[in-house]
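There are 2 protein chains.
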Amino acid sequence: MQLDHDNLRALAAVVREGSFERAAAALHVTPSAVSQRIKTLESRMGRLLVLRTIPAQPTDDGRVLVRLAEQAALLEHEALERLGMGEDRPAPSLRIAVNHDSLETWFIEAATRYAEQTRTTLDLISEDQDHTAALLRNGSVLAAVTTLGDPVQGCRVHALGRMRYVATCAPAFHARHFARGVTPDALASAPVLVFNRKDALQAQFARQVMGDTPWQPPTWWVPSSHAFVSATLAGLGWTMNPLPMVREALEDGRLMPLRARAWHDVPLYWQHWRTGAHTMELLTSAVLRAARALVRPARAPVSSPGAGGSGSSSA
Amino acid sequence: MQLDHDNLRALAAVVREGSFERAAAALHVTPSAVSQRIKTLESRMGRLLVLRTIPAQPTDDGRVLVRLAEQAALLEHEALERLGMGEDRPAPSLRIAVNHDSLETWFIEAATRYAEQTRTTLDLISEDQDHTAALLRNGSVLAAVTTLGDPVQGCRVHALGRMRYVATCAPAFHARHFARGVTPDALASAPVLVFNRKDALQAQFARQVMGDTPWQPPTWWVPSSHAFVSATLAGLGWTMNPLPMVREALEDGRLMPLRARAWHDVPLYWQHWRTGAHTMELLTSAVLRAARALVRPARAPVSSPGAGGSGSSSA
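The listed protein sequences derive, respectively, from chains L and H.
The first sequence begins at 1 in full-length UniProt numbering and counts up one residue at a time.
The second sequence begins at 1 in full-length UniProt numbering and counts up one residue at a time.
A few of these clues could be false.
One copy or two, it doesn't matter: identical chains are merged, so the pair holds either way.
[To be verified] For lysine to any residue, the following SDA-like pairs were computed, each having C-alpha atoms within a straight-line distance of at most 20 Å:
1. K198 with A56
2. K198 with R44
3. K39 with T284
4. K198 with I125
5. K198 with L282
6. K198 with S93
7. K198 with P55
8. K39 with R9
9. K198 with A24
10. K198 with R22
11. K198 with G276
12. K39 with T183
The hints are simulated quantities; they were obtained by calculation from the structure and are not laboratory data.
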């Protein structure tokens, strides 16, 4: 069985752009041509590949073909570049999932290094760190920064290091709520900042103090990493902040830790589909390098900062 | 017909928490009690109110009752506070939609002012500015920062001012791509940063130069306001940045405008449901005050910065 790559490209464009009309504009064809290509592919496969919702969503079968289309586009781009014939064609964009806090801190440095070596670009999806692996598994993305250390079937995994989260608040907030220590009573009434419903870091910290006592403090929901730090500085609540975003404020005293050693380390991994594409190797090496900003695993000696990031395995 | 408020609270908790289990934990009852309350409410109304999806989603009818539950909770909280009896009960959280760039720039100041005057907190939802009105209209939120100036039925609207977006890039990027001016050819090949598929600001700017010529430059998709600025500073592409986030970088030369007067002003409005709650008035006045950081409408004299923000109307 052979697949028509024009049809695959049409499917990938519909999923990427979210509608048949926008996919048509991107491919410089009419919407009915896009529709025809997808119908042909679906009847060929004998399966529904894309749900005609707003935005259009791939089925599980459709995602497998979208990933195939993206991998093929990448390999095709690389082959044409090698032949010196890629210049007049748009370079593909690699769809990558990155957890919010990595995107806000070290990931742009990786993107910058990567950009120096390729004409391809990145199509970044920002997700909660425990949920980026789902996007990788269902084929929505080609690679992800994730908390999942076990390789997703078909992927290679590299340890990146740990993102340290420190329980912090403004000094005036500390004086008002924690002057007598971080007690269960104090935690029960002190307002807390939470990113969104998927963010369990504050509840995990509270459990160390409260045990199984239900914890329902006044809660500010602030779904933006940067606004999150501003809200901590303004004294709206205490929260678990990524160390790279609050290091300066901790050093100059605008923020303080709730108590000594009030941190939690989250190990991060880079997982990517084995595409055979050189571009993915370039990206991986840029990511491993920029991730040196993270905390190394405890067993890695400080004098050898690269050691923790180079461990890798695949499935 | 009378509505049982325990049942309404159970519905609101399921929608807020996303599942029957989490709603049960929040209400200190069993999941089967939550399920029973919602079934009772649904049979009473003769309509399906919540879809048992992951996360649980309200139907259109369900949303009307969720909003009712939230408004009632707010009024109840205020009455008990006035009677000096609210202290031992958790204060409600007002669900508010805020566009990404407002959240990253001026909105936390409004939240801080608000927090000084109330025990209630905010449950912020971050959305694209043209899409916050949809959340308001379907009753998902009690108020929103939105680009929609026409009052949503049942809401009051206040003009906030304009968020100025400036087409910016790093000086080295300008030298490489725009040394001969912002021409159609230059724009066709210069990489651009786009927030997500809903972000049309760059395409609007390009249309001024390119007219109806299709525009498909190399695109970096970076769905985070702060990473967006970092990526511009790193020279990954040009983009429309919110002026408050790049003012300093423009002043000290780390960024430059693509050309003279390369900006686009987006008018913002504060719309809120008329709840009769004093708390909403407190929030509205905090929002109007913090929004003075925005660009005033052209007709407002500079010497009277409050004039543009006080216009309001209702539907």
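task: Go through the copies and call it for K198 and P55: within, between, both or neither, with a Cα cutoff of 20 Å.
output: Result: close only across copies, 11 Å inter versus 23 Å intra.
- prompt: Quick one: K198 to R44, C-alpha cut-off 20 Å, is that within a copy, between copies, both, or neither?
  reply: Classified as neither: same-chain Cα gap 40 Å, cross-chain 33 Å, threshold 20 Å.
message: When Cα atoms must be at most 20 Å apart, do K39 and T284 count as within-copy, between-copy, both, or neither?
response: neither (36 Å within a copy, 51 Å between copies)
field: Homomeric proximity label, K198 with I125: Cα distance no greater than 20 Å
entry: Answer is both; intra-copy 16 Å and inter-copy 13 Å each pass.
message: One pair to classify: K39 and R9, alpha carbons no more than 20 Å apart. Within, between, both, or neither?
response: within (13 Å within a copy, 46 Å between copies)
- request: Go through the copies and call it for K198 and R22: within, between, both or neither, with a Cα cutoff of 20 Å.
  value: between (31 Å within a copy, 12 Å between copies)
message: I want to check one pair: K198 and A24. Are their C-alpha atoms no more than 20 Å apart within a copy, between two copies, both, or neither?
response: Between. Shortest inter-copy distance 17 Å satisfies the 20 Å Cα cut-off; intra-copy 36 Å does not.
Homo-oligomer pair classification [G276, K198; C-alpha up to 20 Å]: neither (34 Å within a copy, 32 Å between copies)
query: Are the CA atoms of K198 and A56 at most 20 Å apart within a copy, between copies, both, or neither?
result: Answer is between; shortest inter-copy Cα gap is 14 Å, intra-copy 25 Å.
field: 20 Å Cα threshold - placement of S93 relative to K198
entry: between (28 Å within a copy, 17 Å between copies)
- request: Pop the pair K198 and L282 into one bin, within, between, both or neither, using alpha-carbon distances up to 20 Å.
  value: Intra 32 Å, inter 29 Å, cutoff 20 Å: neither.
message: As a check of your reading, is K39 near T183 (CA-CA no more than 20 Å) within one copy, between copies, both or neither?
response: neither (62 Å within a copy, 40 Å between copies)
Of the numbered hints stated above, those contradicted by the structure are hints 2, 3, 5, 11, 12, listed in ascending order.
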